[in-house]
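Novice: Take the given structure of chain A and dock chain B to it, following the hints.
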Amino acid sequence: MTRLLRTMTLGWKLHFKQESRNPFFLWIVVCTPVIYATMAYFLFQGGQKQATLVAAAVGSAMMGIWSLTTTAAAAALQRQRRLGILELLVASPTPFWATFLPITLAIATIGIYSLGTGLLYVRLLFGVPVSVDDWLAFVVAVPPTILSIGMLGFLMGSAFVRFRAAWMVGNLFEFPVWTICGFLIPLALLPGWVAPIAWVLAPTWGMNALRNAALGTSAWPDIAMCTLLSIVYAVLGGLLLKAFLRMARERATLGLT
Amino acid sequence: MTTVVEAVDLRRTYRTTTGTFRRGSVEVEAVRGISFEIQEGELFGLLGPNGAGKTTTIKMLITLLIPTSGTARVLGHDVVEDAKWVRQHIGYVFGGDRGLYERLSALDNLRYFAELYGVDPKVQRQRIHELLELVGLSGREKERVEGYSRGMRQRLHIARGILHDPPVVFLDEPSIGVDPVGARELRSMIAGLRDAGKTVLLTTHYMFEADELCDRIAVVAHGQILAEGTPRDLKQGVAEGTVVEIEVYGIDETALAGVRAIAGVTGVTIEERDQAQVIVVQTATGAEVTQAIMARLDGVRLGRVTTREPTLEDAYVALVTDHGPAGLA
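Which chain is which? The protein sequence lines are A and B, in order.
The working numbering numbers the first residue of the first sequence as 130 and each following residue consecutively.
The working numbering numbers the first residue of the second sequence as 14 and each following residue consecutively.
If we strip away everything but chain A, and leave its shape as in the complex, we get (with noise of 0.2 Å):
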């Protein structure tokens, strides 16, 4: 189990590192959060509320997070097939959900440079003070919420594995998501049929917990169904992952050669 979690650690800094230096990536994370956040501003200033131009902030930033996970994180797959380093990790002997999901939480991970912009952005062309009531809530529901869309990434990243169209379909997956996860728009605003597919999906309630912590009322419950959820993904993954590695190694998905 040591092993496994110095290898899974190594895997996280490595794969930051390598994506990091990608440029491609950076400019995703870094200009996507400043349109959102432009939209987002000019779509809650009438609110005057600053509060809700913080979490307007935020909610950009997850959409930033979240459309690096979907389309990132399956273009750095795809790539690593193209370069046979696929090939190469499932050779390993180290289970591939340990080597895989690494690669999706340093992708989310990235996302980190997307918080920074939206915030830093609002902050300095907008003036718009980063006003947050409960601190700490705030900063704990950051490292969970990050993992939440890391691991929804997992989730959908095993099919990737499998299928090798399958990035298109992550891309698909972009603006649902945001949408149903109320990055944007709070989910009260939404019709009530897609209530019960966003309590199913982790960023939601992460989401929640960052919004409750800017406005000041619990984020605590919030936070913990966030981390609950994350944790099913992540079992629902390997189990998936497992699934479709057979099935890859079946029929010949795994590398393009």
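Hints in this document: simulated from the structure, not taken from any laboratory.
No residue lacks a Cβ here, since even glycine has one placed at the ideal position from N, Cα and C.
Be a bit skeptical, because a hint or two may be false.
[Stated by the list, open to error] Computed cross-link-like contacts, DSS-like style, restricted to lysine-lysine with a CA-CA straight-line distance of at most 30 Å:
1. A:371 to B:97
2. A:371 to B:155
3. A:142 to B:135
4. B:135 to B:97
5. B:155 to A:142
6. A:371 to A:146
7. A:371 to A:142
8. A:146 to B:155
9. A:142 to B:97
10. B:155 to B:135
11. A:146 to B:97
[What the hints assert, rightly or not] Looking from chain B toward chain A, a few residues come up when the C-beta cut is under 8 Å (computed):
12. 77
13. 79
14. 100
15. 111
16. 114
17. 130
Specialist: Leaving out everything else, chain B in the frame of chain A:
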């Protein structure tokens, strides 16, 4: 001698889709019943043209592909049922630019794979240092791989493949695209693996590489083994006598058929070289056929005529073009 790698009637079929609107599927038999054994400490070559099934065979042996039928065992362990054990005890290296984290340094690449293969952290640093020395990358290990030449990448690949000191190493066309000096260094490294007591399976389509390195070779084409033996066996099996090469300028099939019909001629192939063609005639031991060939080529404009000893390439060309014996195994 202990059998280290054993393949029994291995088969692998791929299903590919065709068409855009009216989709269909086609089954391609990449490997069609391959069987062989590799003994401990042996350097065994799989030699064959592109698409012969060499890489598919290797991928089944290293657990990346599940065979459609047949079995394969490495060190007595089934590659499907006991994949994790097999992975722990083998190394895999393939050729070309791929298989490395480009934006990471060589050191980071090796550190990560050392972890993935469970190399003890206490010996990791020392082991990586030794391997960097062995492959001649000491002093360059902190540079990003994206700045490496193909030869350097290939040497790094070899270091990565043997980080965990596996007893069995699979090398899939390791010298492909490497310049002559780099390829010579690689061959020396591969010979060093055998000298270190490792069992090596090498796939290549470079004849001289197989001839120089391999203890035994299996020639593969169309997913089947056409012949198996030592390089010397293969050469002798196809052309026991000498090889006559005749440079010609324009030759028709009738004249070629005439050459094939000469007693003592065991095989005839034709190669295009610039403006000319070269007829390569393999002869039986003791047969003196040069005069007879000249007589059959009467009226054809001739260039240089040479006689030489048969090479592995002659054997290979004869085998894969169905001009040689069906197999020696």
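Novice: Next step is simple, just say for each hint if it's right about the structure.
Specialist: Each hint, compared with the structure:
1. At most 30 Å may separate the alpha-carbon atoms for a hinted pair to count; residue 371 of chain A and residue 97 of chain B meet this at roughly 13 Å.
2. Among the hinted pairs, residue 371 of chain A with residue 155 of chain B is inconsistent with the structure: their alpha-carbon atoms are about 35 Å apart, more than 30 Å.
3. At roughly 20 Å between alpha-carbon atoms, residue 142 of chain A and residue 135 of chain B fall within 30 Å of each other, so this suggested pair holds.
4. Between residue 135 of chain B and residue 97 of chain B the alpha-carbon distance is near 23 Å, which keeps this suggested pair within the 30 Å criterion.
5. Distance check on the hinted pair: residue 155 of chain B and residue 142 of chain A sit about 16 Å apart at the alpha-carbon level, within 30 Å; holds.
6. Restraint check for residue 371 of chain A and residue 146 of chain A: the C-alpha separation of about 27 Å stays at or below 30 Å, so the hint holds.
7. Distance restraint check for residue 371 of chain A and residue 142 of chain A: the Cα-Cα separation of roughly 24 Å lies within the 30 Å cut-off, and the hinted pair is therefore satisfied.
8. Taken as a hint, the residue 146 of chain A and residue 155 of chain B pair is honoured in the structure, with Cα atoms around 14 Å apart against an allowance of 30 Å.
9. A C-alpha spacing of about 25 Å is found between residue 142 of chain A and residue 97 of chain B, which places the hinted pair at or below 30 Å, so the restraint holds.
10. For the proposed pair residue 155 of chain B and residue 135 of chain B, the alpha carbon gap of about 20 Å is at most 30 Å, so the pair holds.
11. Between residue 146 of chain A and residue 97 of chain B the CA atoms are separated by roughly 28 Å; this keeps the pair inside 30 Å, and the hint holds.
12. Among the interface hints, the one on residue 77 of chain B holds; its C-beta lies about 6 Å from the nearest C-beta in chain A, closer than the 8 Å criterion.
13. For residue 79 of chain B, the interface hint holds, since its Cβ comes within 8 Å of a Cβ in chain A; the closest pair sits about 5 Å apart.
14. Residue-level restraint check for residue 100 of chain B holds (minimum Cβ-Cβ distance to chain A is 4 Å; threshold 8 Å).
15. Given hint, residue 111 of chain B at the interface with chain A, holds; its Cβ is 4 Å from that chain's nearest Cβ, closer than 8 Å.
16. Evaluation of the residue 114 of chain B hint against chain A yields a held restraint, the C-beta minimum of about 5 Å falling below 8 Å.
17. Interface restraint check for residue 130 of chain B: the shortest CB-CB distance to chain A comes to about 6 Å, inside 8 Å, so the restraint holds.
Of the numbered hints listed earlier, the single one contradicted by the structure is hint 2.
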